[in-house]
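These protein sequence lines are chains W and S, in that order. When we follow this note's numbering, the leftmost residue of the first sequence carries the number 12, and every step to the right adds one. When we follow this note's numbering, the leftmost residue of the second sequence carries the number 12, and every step to the right adds one.
Keep in mind that the hints were calculated from the coordinates and are not lab data. Treat the hints loosely; a few may be bogus.
For chains that are exact copies, the list does not tell them apart, and a pair is met inside one copy or across any two.
To be verified - Only pairs whose alpha carbons sit at most 27 Å apart, straight line, appear in this in silico DSS-like list of lysine-lysine:
#1 114 - 210
#2 159 - 63
#3 97 - 191
#4 160 - 114
#5 148 - 210
#6 136 - 148
#7 170 - 97
#8 114 - 191
#9 210 - 97
#10 62 - 159
#11 136 - 191
#12 159 - 136
#13 116 - 160
#14 210 - 170
#15 148 - 170
#16 159 - 97
#17 159 - 124
#18 124 - 114
These numbers were taken from a predicted model, which means no experiment stands behind them.
There are 2 protein chains.
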Amino acid sequence: MRMEEIIDTVAQRVEQEINNSFEIEASGRHIHLSREAVDALFGEGYELTPKKYLSQPGQYAATERISIIGPSGVFHNVSILGPVRKESQVEVSLTDARALGAKAKLRLSGDTKGTAGIILMNGSKIYVMDHGLIVAKRHIHVNEKDAKKLNVTDQEVVKVQVNSERPLIFDDVVVRISPKFRTFMHIDYDEANACGFTKGTRGRILR
Amino acid sequence: MRMEEIIDTVAQRVEQEINNSFEIEASGRHIHLSREAVDALFGEGYELTPKKYLSQPGQYAATERISIIGPSGVFHNVSILGPVRKESQVEVSLTDARALGAKAKLRLSGDTKGTAGIILMNGSKIYVMDHGLIVAKRHIHVNEKDAKKLNVTDQEVVKVQVNSERPLIFDDVVVRISPKFRTFMHIDYDEANACGFTKGTRGRILR
Numbered sequence: 012m013r014m015e016e017i018i019d020t021v022a023q024r025v026e027q028e029i030n031n032s033f034e035i036e037a038s039g040r041h042i043h044l045s046r047e048a049v050d051a052l053f054g055e056g057y058e059l060t061p062k063k064y065l066s067q068p069g070q071y072a073a074t075e076r077i078s079i080i081g082p083s084g085v086f087h088n089v090s091i092l093g094p095v096r097k098e099s100q101v102e103v104s105l106t107d108a109r110a111l112g113a114k115a116k117l118r119l120s121g122d123t124k125g126t127a128g129i130i131l132m133n134g135s136k137i138y139v140m141d142h143g144l145i146v147a148k149r150h151i152h153v154n155e156k157d158a159k160k161l162n163v164t165d166q167e168v169v170k171v172q173v174n175s176e177r178p179l180i181f182d183d184v185v186v187r188i189s190p191k192f193r194t195f196m197h198i199d200y201d202e203a204n205a206c207g208f209t210k211g212t213r214g215r216i217l218r
Numbered sequence: 012m013r014m015e016e017i018i019d020t021v022a023q024r025v026e027q028e029i030n031n032s033f034e035i036e037a038s039g040r041h042i043h044l045s046r047e048a049v050d051a052l053f054g055e056g057y058e059l060t061p062k063k064y065l066s067q068p069g070q071y072a073a074t075e076r077i078s079i080i081g082p083s084g085v086f087h088n089v090s091i092l093g094p095v096r097k098e099s100q101v102e103v104s105l106t107d108a109r110a111l112g113a114k115a116k117l118r119l120s121g122d123t124k125g126t127a128g129i130i131l132m133n134g135s136k137i138y139v140m141d142h143g144l145i146v147a148k149r150h151i152h153v154n155e156k157d158a159k160k161l162n163v164t165d166q167e168v169v170k171v172q173v174n175s176e177r178p179l180i181f182d183d184v185v186v187r188i189s190p191k192f193r194t195f196m197h198i199d200y201d202e203a204n205a206c207g208f209t210k211g212t213r214g215r216i217l218r
């Protein structure tokens, strides 16, 4: 094989690999607040201040940070993700849940029926969530345009291979497709540590 | 199919599954001490007190517990596993390493060359380890008699499937065979949380 052919073949292979793969992001513990919760914690009509926009359009980490209080532990200075949502939701890792002394169920974001409650605190203001504490189920946000390339359908459950210093294959990964999404897989820090995640780590769907 | 045939088939399948699988254990952060370290932390010639014997014969959790001190964090009341070893070694999760502010390398137990150091403390007594802080690489202890059943050889690297609420397949799992071992796979708490581990969770080798 001539050098140029080799270069072409390698370039094609790299392009193929990039096309069939996606970047992974690790989410730390964070809070989504309802209008009611923002009012209770910051005052009537208060607007959160976007500090940093995230990979999903319109989503941002707010300047404001608050505490979450569980039966046997507290986390201060926890990130709030805006904009406000219909329902408040607190996402933690299982490691966090153990520290809080709370039983957090494994759920997809938004599916909070029957989950544990948790207390939010901002200074001397308290907001009691009677449910909404979850460990987020791993998932891939897929942009409509990437769905064909990755050969996936909405709500499909796939296996995702991660090649790293600590390689593994995540099973039971839910695909969510929307024209609004940017294509990223989301895992929590327990999962990130288990798969040797570092910034830029990519996953690919295993058939 | 007659009822009895169904029962036989199911029983066979269950037996097969148990034969081809093994129990998983999650290890919390812990310390192995050398004779020198025991002398420094507890006094010359001190003997650790076995509190609870572990799955691997002769290995025990000691009554004595000490602190590990990193550049930006401390863990108190950390378990010591006996008996004494040739070299001291501290095993933590990546979550722990972050809290300690230390860079723990991913290594098999015993392979500590070039790893970070850490400080051990018992009351006012200090012992400085200039290396030996690791994140333990996942592995399976296999008893010689089980090796044939599982169709594995010593030092072989395998994939292990875990079926749970959070199923995944661990890649790069090292098999270690000895007539002294009892057959158990060992993972740390980051990995345990990522795979939805609960007591009794089993793994099986994926070919």
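Hint check results:
1. 114 - 210: Intra 29 Å, inter 16 Å, cutoff 27 Å: inter-copy only.
2. 159 - 63: neither (30 Å within a copy, 55 Å between copies)
3. 97 - 191: Classified as within; 18 Å inside a copy, 58 Å across copies.
4. 160 - 114: neither (38 Å within a copy, 38 Å between copies)
5. 148 - 210: Intra 20 Å, inter 21 Å, cutoff 27 Å: intra and inter.
6. 136 - 148: neither (30 Å within a copy, 45 Å between copies)
7. 170 - 97: neither (31 Å within a copy, 42 Å between copies)
8. 114 - 191: For residue 114 and residue 191, the Cα distance exceeds 27 Å both inside one copy (32 Å) and across copies (38 Å).
9. 210 - 97: For residue 210 and residue 97, neither the intra-copy (31 Å) nor the inter-copy (37 Å) Cα distance is at most 27 Å.
10. 62 - 159: Classified as neither: same-chain Cα gap 34 Å, cross-chain 58 Å, threshold 27 Å.
11. 136 - 191: neither (35 Å within a copy, 58 Å between copies)
12. 159 - 136: For residue 159 and residue 136, the Cα distance exceeds 27 Å both inside one copy (48 Å) and across copies (62 Å).
13. 116 - 160: Neither: 33 Å inside a copy, 36 Å across copies.
14. 210 - 170: both (21 Å within a copy, 24 Å between copies)
15. 148 - 170: For residue 148 and residue 170, both the intra-copy (13 Å) and inter-copy (23 Å) Cα distances are at most 27 Å.
16. 159 - 97: neither (31 Å within a copy, 56 Å between copies)
17. 159 - 124: Neither. Shortest intra-copy (33 Å) and inter-copy (47 Å) distances fail the 27 Å Cα cut-off.
18. 124 - 114: Answer is within; shortest intra-copy Cα gap is 14 Å, inter-copy 40 Å.
Comparing the model with each earlier hint shows violations of hints 2, 4, 6, 7, 8, 9, 10, 11, 12, 13, 16 and 17; every other hint is respected.
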